[in-house]
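Student: Grab the two chains, each in its own frame, and use the hints to assemble them into the complex.
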Amino acid sequence: MIYHRPIFRTMGDTALNIEFGNETSIALNFRILALDIVLRAHPPNGLLETNPQVRSLGIVYNPLVTMRDKLTAALKEMIASQDGVKTLPSRRMTIPALYDDPWSRDCAEAFGVRDNMEYIAEFNGMTPGEVIEAHTACDYWVTGVGFVPGAFMSYAMDPRRRIGAPLYRTPRSWTPARLLNFGGTTSTIYPIAVPGGGQLFGRTPINIFEPEQKNAVFRHGPVLARAGDRHRYRAVSRAEYDDIRAQVEAGSYQYQIEEDSFDCAQYIAWLDSLGEPAEKRDAQSTWALE
Amino acid sequence: MMLEILKGGLHTTVQDMGRQGGQSLGIPPSGAQDGFALRIANLLVGNASGGPLVIGGDPGAAGLEITMAGLEVRARADLLVAITGADMAATCDGGPVPLWRAFILGAGRALAFGMAKSGARAYLAVHGGIDVPIYLASRATHTKGQFGGFEGRALRQGDYVPVGPAQGDIEALAGRHLRPELVPSYGGRRRVRVVRGPEAHLFSEDSEAAFYASAWKLNPKSDRTGMRFIGPELGFRPGRPRYLIEEAGEDPSNLVIDPGAPVGTIQVPSGVEPIVLGTDSPSVGGYARIGTVISTDMSAVGQLQPLQSANFMATSLEDAVAALKRQESLVSESSIAT
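As they're listed, the protein sequences go chains A and B. Our numbering puts the first sequence at residues 363 to 652. Our numbering puts the second sequence at residues 1154 to 1491.
Pulled out of the complex, with its shape left as it was, chain B reads as follows (with noise of 0.2 Å):
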């Protein structure tokens, strides 16, 4: 069974739950960047939901990641499909198509996903999983590196993209929904919870609280390596050792190499524009980082479109974990309605 893409769109890849035991190798976790849409997507559609990104050692099914807008599929033979996060004001043959519901994609009939209305990505899951090898233990595409996914790179016009076999009575999945009161929303000015550290010691604390205080604006030049956010100019406490200076440089945000590890941390080269690392960042820093936005929250930085406004709110390790173990119980069939 196979997905005709018709167009590419802007950047579509194929993303599941990710590759773990990869950051002493210099290889990202991938995956993505809205976990939780694309795994209640794969669980509408009857798909093994995997996850969560980087602890769960579980990739599960494949999906698409379309970011921002322009894919346009057909499907090559009757396909269960659900679409969640991003409205893309998706159509069928110029028809609505309902998002967060599994329905029947019949053989020979295309989506068309248009401009993002509220947040940047929607997923696209198909019964029996985007079918492409797996590398590395997931099917992740991790395009700087030209591996994972479908070829190693971004979908475009031409491609067609495997879907594995079906797993029964299709028909009797379809109409599968998430429970209203789940469905997230993406507009306004978003909040985003942040751990403190490892090196906020390091800020002023002035900076800090104008962290915390100021409203940031998604810099456009962002994608799945790193978030920027453009705000206030943070600064850095003084007296920096001198051997330091030598060793790293002038600028303050500077330390010798360490590992900038987890998806979600915040640097902040030389106090201008923090950068959240996304699913396909780099596994050793060199700048100051202000502290992690927490694992569950990635999903609605994942979201955020170019110049939409998001708060960062300080979060104990605790909530963190807390909130980790709420959005769990919810990737379930109790979250489902048929």
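The shape of chain A in the complex, shown without the other chains (with noise of 0.2 Å):
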């Protein structure tokens, strides 16, 4: 559900959360991206950090410099002064990707499960080849960025579009780098090899963390992916993987990224249209939100 105003969640001394609902809703992250984007403009006295991500804003404060109760006020006073989302800067990025690759396949085999690109389609009651052609079919709208270095949260802009599958039940010690994968509808890259549960099924040659920032598009920053970004899945041959690859590595691939903005207000109409609902609700639930 989305909650009708936002629930302000302790995180200790030096941080908290700003909750506006506990579901996947790219509609409510309009909202947090907006926030942040006045919040980053002008930031409170004693805000440090901010952290968007899909359905709430997470806040690094000085308790030294201010109050918790004087920071939340002034909070409080941006979040009511906000009118509805209109636009957002946002980002388009087209993301080469060779699917039902050999490493994911390895992956699967080495922690002795079913290949992960058979179970999506099964779970989707598609054929793999459907499977590629939803993932490139629409845009994903990146969410919020993190957990592991310059990895993001991404979900199909296209309802009917969307796919995904249940994480492990067990997480993977490891995985390689530039994995794609789905931990529920969440679609998301492995920046670097890590520990992991999400259903695997894609690599990308470009890097989406590049900590020695070689190539020109991180020049600001070893972290490719941000909030607000909309990404595009290309479907590569491994002749085209490897050749990419090897540009990414010489530092010269040239990333396919435009600066646009977004309409927000057009999508939100455009969802309804669908007959989407605006938020998820259960009326048997007796969940308590505080």
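What the hints contain is simulated information worked out from the structure, not anything from laboratory work. Incorrect hints may appear among the rest.
Over the 10 Å line for every Cβ pair with chain A, so calculated as not near, a few chain B residues [stated by the list, open to error]:
#, residue
1, Gln1176
2, Glu1324
3, Gly1341
Computed cross-link-like contacts, BS3-like style, restricted to lysine-lysine with a CA-CA straight-line distance of at most 27 Å [claimed, not checked]:
#, chain 1, residue 1, chain 2, residue 2
4, B, Lys1270, B, Lys1370
5, B, Lys1370, A, Lys576
6, B, Lys1374, B, Lys1478
7, B, Lys1478, A, Lys432
8, B, Lys1478, B, Lys1160
9, A, Lys438, A, Lys448
Here are the simulated distance ranges between beta carbons [to be verified]:
#, chain 1, residue 1, chain 2, residue 2, range
10, A, Pro464, B, Asp1231, 51 to 57 Å
11, B, Tyr1365, A, Tyr365, 26 to 32 Å
12, B, Val1425, A, Trp465, 28 to 34 Å
13, B, Gln1299, A, Ala645, 30 to 36 Å
14, A, Gly613, B, Tyr1365, 52 to 58 Å
15, B, Glu1403, A, Gln628, 32 to 38 Å
16, A, Glu611, B, Gly1210, 31 to 37 Å
17, B, Lys1370, A, Trp632, 52 to 58 Å
18, B, Lys1374, A, Ala597, 38 to 44 Å
19, B, Gly1210, A, Glu439, 22 to 28 Å
20, A, Tyr365, B, Gly1210, 28 to 34 Å
No experiment lies behind these values; they were computed from the predicted model shown. Idealized CB from N, CA, C, for every residue including glycine.
Tutor: If you want it as structure tokens, here you go:
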């Protein structure tokens, strides 16, 4: 559900979470990203960092400089003065991917689980070819960046194209870098070799985290994704994958990124026209919110 | 100037008071698990103490964080050093060396750390600071991301770790020590203060009571990402909405992705083995969190030995901030005797 008023959650003495709801919702994320832009432009006294995610905005503050109540009051005022989100800055990025790749298959085999692409296809009542078609057919909205360095969470913007698969019951102790994976309907890429439980279905030749910052695209920082980006995946052959990878390693690959803005109001109206509910409710639930 | 690594030990990394501003990029603060011990070590040898972690915006000088055992180093020049934190029965060419006190390690002399007798992490500060390149405004190592510190990894035999130039007369600083009444002790059952929330309301009343009433043992499978605690299983309140089960799974501890951010957050996946997030922790989470260890008490958590017991104690936000202010007044020259 989406809360009538955001709930301020205490995270110890240096942080809090402004929670707008408890479900995954791109429309809700628009409000969070809009608030984040305002906070970064006009940070209240003592505010140190913000961390926008799909349904909440993380705040890090210095309790030696401000009191929590004072900060909370300033934040509430800013939220109250927010209008409906009309547009947001949003880059469009094309991500080449080798689907149904050998590394994902080998990784599944090494951990004694079923081929993940087969499982994803079956879970969605599709063939592997249809999974690839669905994943490349619409933009994915990046709701937030985080977890391990450079990782991000993204969701299919066309609800009719939304696919996914449940996380592993027992996470793997390792996954090769740059593997595409689903955790539920969250679509993401492991930036570095990490443990993880996502269902693996492809590999991108591009770096989404580059600590050496070789490529010009990383000149301002080692992380590629930003909250509010739109990703479009493009299926490539093994030959093209190898070619792009060589360019990425040489630092010469031209990342395909377009500065743009996104008409959020129009998108929400479009979701309405599809009959998508604005929020999820369960009338029987007795779940306490606070 | 250089420190030569003769033995890397179990897990020794270059750490300072961490990096700020990485929460929305997935970049953890990293930095010392026991910030108090590293900052005092730096003060003793005349370095910038930096900190506090996450909020200070000042990494201070870098030192070595030595985990549980085994580091051996040799000075390649006369160095002013101080060892704080865990007692690993350090020796210099076989003779004992003091803790919480600056002393000269002569050129060619070696320092050896044994097994931790009390505490889990010792800190070695060197006048001039460990002079590895600054990456994203800090020298802290994040081994999982393979960046920061010394080549983004733990130290090993044969490494030559650079030390910054001396500023002034190091002999004059030798003998500086922490006032004895301020030296922390790490043994016995530790008390760790916790501020309630952000998802305490999702746990059953009995479980929340059990969380604060039980003794929790540190799982040996703990590291700088998370410290796991063995104890009773915790349960959740009933009545979870249907759509959350569809979205986040059957397990009542599973939430929709959320900023799990701050160091000290206590996640309880499936109600089993609460995990206190360390300084290398991820910046988003998806598990119910019963509370957050207050920032000053992360030092105590970082000094727990495997299977050592701790009690979590509910604390108000006001008391947490008061503790932080007290700690900040202690990380100062007034705490140093000569």
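Student: Look at each hint and say if it fits the structure.
Tutor: How the hints compare with the structure:
For glutamine 1176/B, the condition that its CB be more than 10 Å from all CB atoms of chain A is violated, with the nearest at approximately 4 Å. Non-interface call for glutamate 1324/B relative to chain A: holds, since the shortest CB-CB distance, roughly 36 Å, exceeds 10 Å. Residue-level check passed: glycine 1341/B sits 25 Å from the nearest beta carbon of chain A, beyond 10 Å. Between lysine 1270/B and lysine 1370/B, the direct Cα distance comes to roughly 17 Å. Compliance with the 27 Å bound is thereby established for this hinted pair.
Note on lysine 1370/B and lysine 576/A: the hinted pairing is violated, with a Cα-Cα distance of about 45 Å set against a maximum of 27 Å. Proposed proximity of lysine 1374/B and lysine 1478/B is contradicted: the alpha carbons are some 33 Å apart, above 27 Å. At most 27 Å may separate the alpha-carbon atoms for a hinted pair to count; lysine 1478/B and lysine 432/A meet this at roughly 18 Å. A distance of roughly 38 Å separates the Cα atoms of lysine 1478/B and lysine 1160/B; the hinted pair therefore is violated under the 27 Å criterion.
Between lysine 438/A and lysine 448/A, the direct Cα distance comes to roughly 20 Å. Compliance with the 27 Å bound is thereby established for this hinted pair. Checking the proposed 51 to 57 Å range against proline 464/A and aspartate 1231/B shows it holds: the Cβ atoms sit about 56 Å from each other. Distance hint check: the CB atoms of tyrosine 1365/B and tyrosine 365/A are about 28 Å apart, consistent with the given range 26 to 32 Å. At about 32 Å, the beta-carbon gap between valine 1425/B and tryptophan 465/A stays in the expected band of 28 to 34 Å.
In this structure, glutamine 1299/B and alanine 645/A break the distance hint of 30 to 36 Å, their C-beta atoms being roughly 49 Å apart. Distance hint for glycine 613/A and tyrosine 1365/B: a CB-CB separation of about 53 Å, consistent with the stated range 52 to 58 Å. Under the hint 32 to 38 Å, the C-beta atoms of glutamate 1403/B and glutamine 628/A, about 37 Å apart, fit the expected range. Checked against the given bound of 31 to 37 Å, the beta carbons of glutamate 611/A and glycine 1210/B, roughly 35 Å apart, stay inside it.
Between lysine 1370/B and tryptophan 632/A the C-beta distance comes to about 54 Å, which sits within the given range of 52 to 58 Å. About 40 Å separates the C-beta atoms of lysine 1374/B and alanine 597/A, a value consistent with the hinted range of 38 to 44 Å. For glycine 1210/B and glutamate 439/A, the hinted distance range of 22 to 28 Å is satisfied, since their beta carbons lie about 25 Å from each other. A hinted range of 28 to 34 Å for the beta carbons of tyrosine 365/A and glycine 1210/B is consistent with their spacing of about 32 Å.
Hint compliance for this structure: hints 1, 5, 6, 8, 13 are not met, and every other hint is.
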